[in-house]
Amino acid sequence: MIPKSGPAAFHLRPYRAEDEDAAIALWLRTWQLAYPSIDFAARLAWWRERWNGELVPNAAIIVAEQADKLIGFVTVDGSGYLDQLVVGPEHWGSKLATALVDEVKRRSPGGIALKVNADNSRAIRFYERSGFVHAGEDVNPTSKRQILKMEWKA
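One gets our numbering by counting positions in the sequence shown from 1 and adding 38 to each.
Rather than coming from a laboratory, the hints here were simulated on the basis of the structure. Among the hints, erroneous ones may be present.
[Unchecked claim] PhoX-like, lysine-lysine: derived pairs with alpha carbons at most 25 Å apart: (1) 153 x 191; (2) 153 x 182; (3) 133 x 191.
[Claimed, not checked] Restraint-style ranges between C-beta atoms, simulated for each label pair: (4) 62 x 181: 17 to 25 Å; (5) 47 x 179: 33 to 41 Å; (6) 77 x 140: 27 to 35 Å; (7) 70 x 117: 17 to 25 Å; (8) 105 x 156: 30 to 38 Å; (9) 163 x 54: 26 to 34 Å; (10) 178 x 86: 14 to 22 Å; (11) 77 x 184: 30 to 38 Å; (12) 159 x 86: 36 to 44 Å; (13) 106 x 184: 37 to 45 Å; (14) 140 x 83: 15 to 23 Å; (15) 54 x 156: 28 to 36 Å.
Just so it is clear, CB atoms sit at the ideal spot from N, CA and C, and this is done for glycine as well.
From just these sequences and the hints, can you work out the full model?
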């Protein structure tokens, strides 16, 4: 866990079942802000099913809390695939995303792979600053958006 001090203190911990509603609400809020033209509320049932059917049983999920409120989370499976990095918009540009990615690096020292929307330049810059390199391109089968494959090696 990463202790912080001061009013912006947060800590990391493993996901618990009682975090589900807060994590899903945070996912919805952040993705809706990042892509306002997409109705993520209409995808909520699909996301909840994916969360419970794919991510919770197959990935380590680390949540970030501040003042007993979930403010971010990251998921990584046993192969080192980082599926989700979600940080509350009020924490964009803070050290929170870096702390979450550093925790994934600690858990996956053999390397990490991820996919990011090619038009998400803010996220791409963050991953590049975090040591990830471009490893290919693809198309998201659901959204049909262009995505970049990125990798980190220790």
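Evaluation of the provided hints:
1. About 15 Å separates the Cα atoms of residue 153 and residue 191, which keeps this hinted pair within 25 Å; it holds.
2. Of the supplied pair hints, the one linking residue 153 and residue 182 holds, its CA atoms being roughly 13 Å apart against a limit of 25 Å.
3. As the CA atoms of residue 133 and residue 191 are separated by approximately 21 Å, the hinted pair is consistent with the 25 Å bound.
4. In this structure, residue 62 and residue 181 meet the distance hint of 17 to 25 Å, their C-beta atoms being roughly 18 Å apart.
5. Between residue 47 and residue 179 the CB atoms are about 40 Å apart, so this pair conforms to the stated range of 33 to 41 Å.
6. Judged by the Cβ atoms, the range 27 to 35 Å given for residue 77 and residue 140 holds: they are separated by roughly 33 Å.
7. Between residue 70 and residue 117, the C-beta spacing of about 29 Å breaks the proposed range 17 to 25 Å.
8. Restraint check, residue 105 to residue 156: a C-beta distance of roughly 35 Å satisfies the suggested window 30 to 38 Å.
9. For the pair residue 163 and residue 54, the supplied restraint of 26 to 34 Å holds, since their beta-carbon distance comes to about 32 Å.
10. A beta carbon spacing of about 19 Å between residue 178 and residue 86 agrees with the range 14 to 22 Å that was offered as a hint.
11. Checking the proposed 30 to 38 Å range against residue 77 and residue 184 shows it is violated: the Cβ atoms sit about 20 Å from each other.
12. The hinted window of 36 to 44 Å between residue 159 and residue 86 is violated, with their beta carbons roughly 29 Å apart.
13. Roughly 39 Å separates the CB atoms of residue 106 and residue 184, a value that falls within the hinted 37 to 45 Å.
14. Taken as a hint, the range 15 to 23 Å is violated for the pair residue 140 and residue 83, whose Cβ atoms sit roughly 33 Å apart.
15. Separated by about 34 Å at the C-beta atoms, residue 54 and residue 156 satisfy the suggested range of 28 to 36 Å.
Hint compliance for this structure: hints 7, 11, 12, 14 are not met, and every other hint is.
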